[in-house]
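Trainee: Position chain B relative to chain A; hints supplied.
2 protein chains.
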Amino acid sequence: MLIKNGWVLTTRLEKKDVAVDGTTITEVGTSLSGSDVIDASNHLVLPGLVNTHTHLAMTLLRGYADDVPLTEWLRDYIWPREMNLTPEDCYYGNLLGSVEMIKSGTTCFHDMYFYPDQAVKAVKESGMRAVISYPLAEFGNPERAGHMLQAGLQFMDTLRTESRIDTSFGPHSPSTCSPEYLLKVQDHAQKLSKLVHIHLHESKDWVENFSKAHEKPPIEFLESSGFLKNNVCAAHVVHATDKELDILKTHGVKVLHCPSSNLKLANGIAPVASMIKKGICVALGTDGAASNNTLDLFAEMRLMTLLQKLNDPSAMTSRAAVKIATENGGTALKWKIGRIEEGFLADIILIDLRNPCMTPRHDVLSNVVYAANSSAVDTVIIDGEVIMENRVLKTLHEEDIVEKAREHAYDLVNR
Amino acid sequence: MLIKNGWVLTTRLEKKDVAVDGTTITEVGTSLSGSDVIDASNHLVLPGLVNTHTHLAMTLLRGYADDVPLTEWLRDYIWPREMNLTPEDCYYGNLLGSVEMIKSGTTCFHDMYFYPDQAVKAVKESGMRAVISYPLAEFGNPERAGHMLQAGLQFMDTLRTESRIDTSFGPHSPSTCSPEYLLKVQDHAQKLSKLVHIHLHESKDWVENFSKAHEKPPIEFLESSGFLKNNVCAAHVVHATDKELDILKTHGVKVLHCPSSNLKLANGIAPVASMIKKGICVALGTDGAASNNTLDLFAEMRLMTLLQKLNDPSAMTSRAAVKIATENGGTALKWKIGRIEEGFLADIILIDLRNPCMTPRHDVLSNVVYAANSSAVDTVIIDGEVIMENRVLKTLHEEDIVEKAREHAYDLVNR
Numbered sequence: 000m001l002i003k004n005g006w007v008l009t010t011r012l013e014k015k016d017v018a019v020d021g022t023t024i025t026e027v028g029t030s031l032s033g034s035d036v037i038d039a040s041n042h043l044v045l046p047g048l049v050n051t052h053t054h055l056a057m058t059l060l061r062g063y064a065d066d067v068p069l070t071e072w073l074r075d076y077i078w079p080r081e082m083n084l085t086p087e088d089c090y091y092g093n094l095l096g097s098v099e100m101i102k103s104g105t106t107c108f109h110d111m112y113f114y115p116d117q118a119v120k121a122v123k124e125s126g127m128r129a130v131i132s133y134p135l136a137e138f139g140n141p142e143r144a145g146h147m148l149q150a151g152l153q154f155m156d157t158l159r160t161e162s163r164i165d166t167s168f169g170p171h172s173p174s175t176c177s178p179e180y181l182l183k184v185q186d187h188a189q190k191l192s193k194l195v196h197i198h199l200h201e202s203k204d205w206v207e208n209f210s211k212a213h214e215k216p217p218i219e220f221l222e223s224s225g226f227l228k229n230n231v232c233a234a235h236v237v238h239a240t241d242k243e244l245d246i247l248k249t250h251g252v253k254v255l256h257c258p259s260s261n262l263k264l265a266n267g268i269a270p271v272a273s274m275i276k277k278g279i280c281v282a283l284g285t286d287g288a289a290s291n292n293t294l295d296l297f298a299e300m301r302l303m304t305l306l307q308k309l310n311d312p313s314a315m316t317s318r319a320a321v322k323i324a325t326e327n328g329g330t331a332l333k334w335k336i337g338r339i340e341e342g343f344l345a346d347i348i349l350i351d352l353r354n355p356c357m358t359p360r361h362d363v364l365s366n367v368v369y370a371a372n373s374s375a376v377d378t379v380i381i382d383g384e385v386i387m388e389n390r391v392l393k394t395l396h397e398e399d400i401v402e403k404a405r406e407h408a409y410d411l412v413n414r
Numbered sequence: 000m001l002i003k004n005g006w007v008l009t010t011r012l013e014k015k016d017v018a019v020d021g022t023t024i025t026e027v028g029t030s031l032s033g034s035d036v037i038d039a040s041n042h043l044v045l046p047g048l049v050n051t052h053t054h055l056a057m058t059l060l061r062g063y064a065d066d067v068p069l070t071e072w073l074r075d076y077i078w079p080r081e082m083n084l085t086p087e088d089c090y091y092g093n094l095l096g097s098v099e100m101i102k103s104g105t106t107c108f109h110d111m112y113f114y115p116d117q118a119v120k121a122v123k124e125s126g127m128r129a130v131i132s133y134p135l136a137e138f139g140n141p142e143r144a145g146h147m148l149q150a151g152l153q154f155m156d157t158l159r160t161e162s163r164i165d166t167s168f169g170p171h172s173p174s175t176c177s178p179e180y181l182l183k184v185q186d187h188a189q190k191l192s193k194l195v196h197i198h199l200h201e202s203k204d205w206v207e208n209f210s211k212a213h214e215k216p217p218i219e220f221l222e223s224s225g226f227l228k229n230n231v232c233a234a235h236v237v238h239a240t241d242k243e244l245d246i247l248k249t250h251g252v253k254v255l256h257c258p259s260s261n262l263k264l265a266n267g268i269a270p271v272a273s274m275i276k277k278g279i280c281v282a283l284g285t286d287g288a289a290s291n292n293t294l295d296l297f298a299e300m301r302l303m304t305l306l307q308k309l310n311d312p313s314a315m316t317s318r319a320a321v322k323i324a325t326e327n328g329g330t331a332l333k334w335k336i337g338r339i340e341e342g343f344l345a346d347i348i349l350i351d352l353r354n355p356c357m358t359p360r361h362d363v364l365s366n367v368v369y370a371a372n373s374s375a376v377d378t379v380i381i382d383g384e385v386i387m388e389n390r391v392l393k394t395l396h397e398e399d400i401v402e403k404a405r406e407h408a409y410d411l412v413n414r
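As they're listed, the protein sequences go chains A and B. Per numbering that gives the first Met the number 0, residue 0 is the first one in the first sequence, and the count goes up by one each step. Per numbering that gives the first Met the number 0, residue 0 is the first one in the second sequence, and the count goes up by one each step.
This list has only true hints and no planted wrong ones.
The list treats identical chains as one, so a pair stands whether inside a single copy or across any two.
Heads up, simulated DSS-like pairs for lysine-lysine below, C-alpha to C-alpha not over 30 Å straight-line: (1) LYS277 <-> LYS203; (2) LYS3 <-> LYS403; (3) LYS333 <-> LYS183; (4) LYS248 <-> LYS333; (5) LYS242 <-> LYS277; (6) LYS14 <-> LYS403.
Hints listed in this document are in silico derivations from the structure and should not be mistaken for laboratory results.
The shape of chain A in the complex, shown without the other chains:
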């Protein structure tokens, strides 16, 4: 495949051709020749966006419970519905979420939810790239948690040879998993070279309660237990002291920032600009659509950048925002994605520069972050395959999925 004559984001924006062989970018240059040419002369060529924290099947619960805080939201709305989830619900929730992600330029995601086999099934069909976490929670029942871990190991083993799918351990949080369990999980993760995907410092209340119970702030506690390593992907981290941020940096912990969800559940604004300044790898996530309520990383980039500017207009550039949503996502998830560069996997999106929102072109990346909405993405390439062309999905049947997902969603909340 040859993407011809586009404005390509490399270290800067330049008119280039991008050659793809199989799943991989083989050359970025000028006047390249080849077959399967995609004319990108009116397009911006960006790495696909990476959604590093979501609960994809929760798309079925989009808009089900707004206007309540995290604890109440979980206890009174989400958990009761999740009790009744079926694998088929999850399958259609995953497909609906996949449609939404692809159409908004996301090419890779990191999921954590019930029935992870259904996420796998959806990913195989959609052509997306993903890291699927096996969800783990102890809830004071170590025996059951031990069985879950065994099932997780088996799940990972069956997916060992999948090309677009990696797996990770998904211990829910340090509240629902004991320190011993977390260490056991981390031990397996180290042996298998897998990520550990966990919720951390989502709400102020949570941090306070944990600190009281363990006589140490959570991040300090997790450090002293030996849990924090560079395979830990910590979602949220809204509230953290300077000292805690230094700890995350020391151990190479990745932060998965979810600004919409954090505001919507009144958890606050994560200090992303400070994290970046300290050299922490911050990547972007949408969280589930039940608390966002979209899976659109364009909306997330915009919100992240604007929020960091609350007190300082220079706190985050649009270039930095795009890097967080692409390259840092690749770094966090340990896939060679997020850059348009020889040797990187061919996860690429094309944005139509003729869109009114992309006009004028004083600063094209500024347009991407602040002005464009995701409908400006017209072509999506994942692993060297064209997954969307002119906004039409080639792997999934959008209309059927929307219909089926709606039925399942309706049934789920009325079951």
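Mentor: Same frame as chain A, but now just chain B:
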């Protein structure tokens, strides 16, 4: 015209037909019959969104100067460019902005910028509804300001009989206009039943400097001078004490809230939830695309609502957000728009419910505010005329406008 069988937002959402005769909604009911039928059976039928504060032609400066605070932004980037603006620049800037607004479901706007005759020209062509402010600033030169006011009165007079255009006085701010000048403007406005469109309390610095210079906080000062009346539309009001909000309420001043611009220029978050609680009419605006950087009120609704939830998840419902973006806009601009109701002007948008972002339908207005992006709008009706159908503009030639606007924008910054 008959909009048949849509989910119509009245006091609640209901399956209804909407009959339009000429420019006006004549009936909202069931099983209505008529000609020019629009099948809305898969659509949500909402009032058109109202952008109550923008500088439309500034769309030419989108992305020209990010990452700087208000004062520097104006002094070092915007004002030097504005010195070189031509009427033709403004014309194409206005057209580009109009394309963007219509395509994102905005049917009416309130503009304040140089060469207001060019905004008028664009509005006549686009079919939009607008209140065009005549821009006024004194800058210590009362004689010149007097001439400007005379020119403004003449401008208003020539547009007296236009059907979709109203005019307002646009004294820039209490810093650039003396108290005497503001009172003179207000006096004319009262006589002509016109709005006064002004910037107020945009940055903390501004409030502090004004308070020092006048020995009173600006809103108290303007009250004691007799300027504040219910025709005053105050853009921004980011920083205001409880006492100042009470003053705004007492005099029926309308607040034009611009959340993106306020964050992007590091001015902060306006206390909208408190304003609403006090009974102040808050409407929504994008500000100019040079400080937003889009004119998309869907993005603005989402941001407004999420920001109000920073500390309280119940601070603003999606229903309230939609009301602010529609009905309150009508109230602020004194047009009979913003509701789907007999006797209201037919400014109506149709949103495709089959869009993945609108699925499932646990709460359709929640989907509108949090999940949808503006590309879900597929039909736009203004003053009883279909202006956009299936996302194709019927009054403006999108491709030509994008091309011409780009040329003018490039030329403007290189002139």
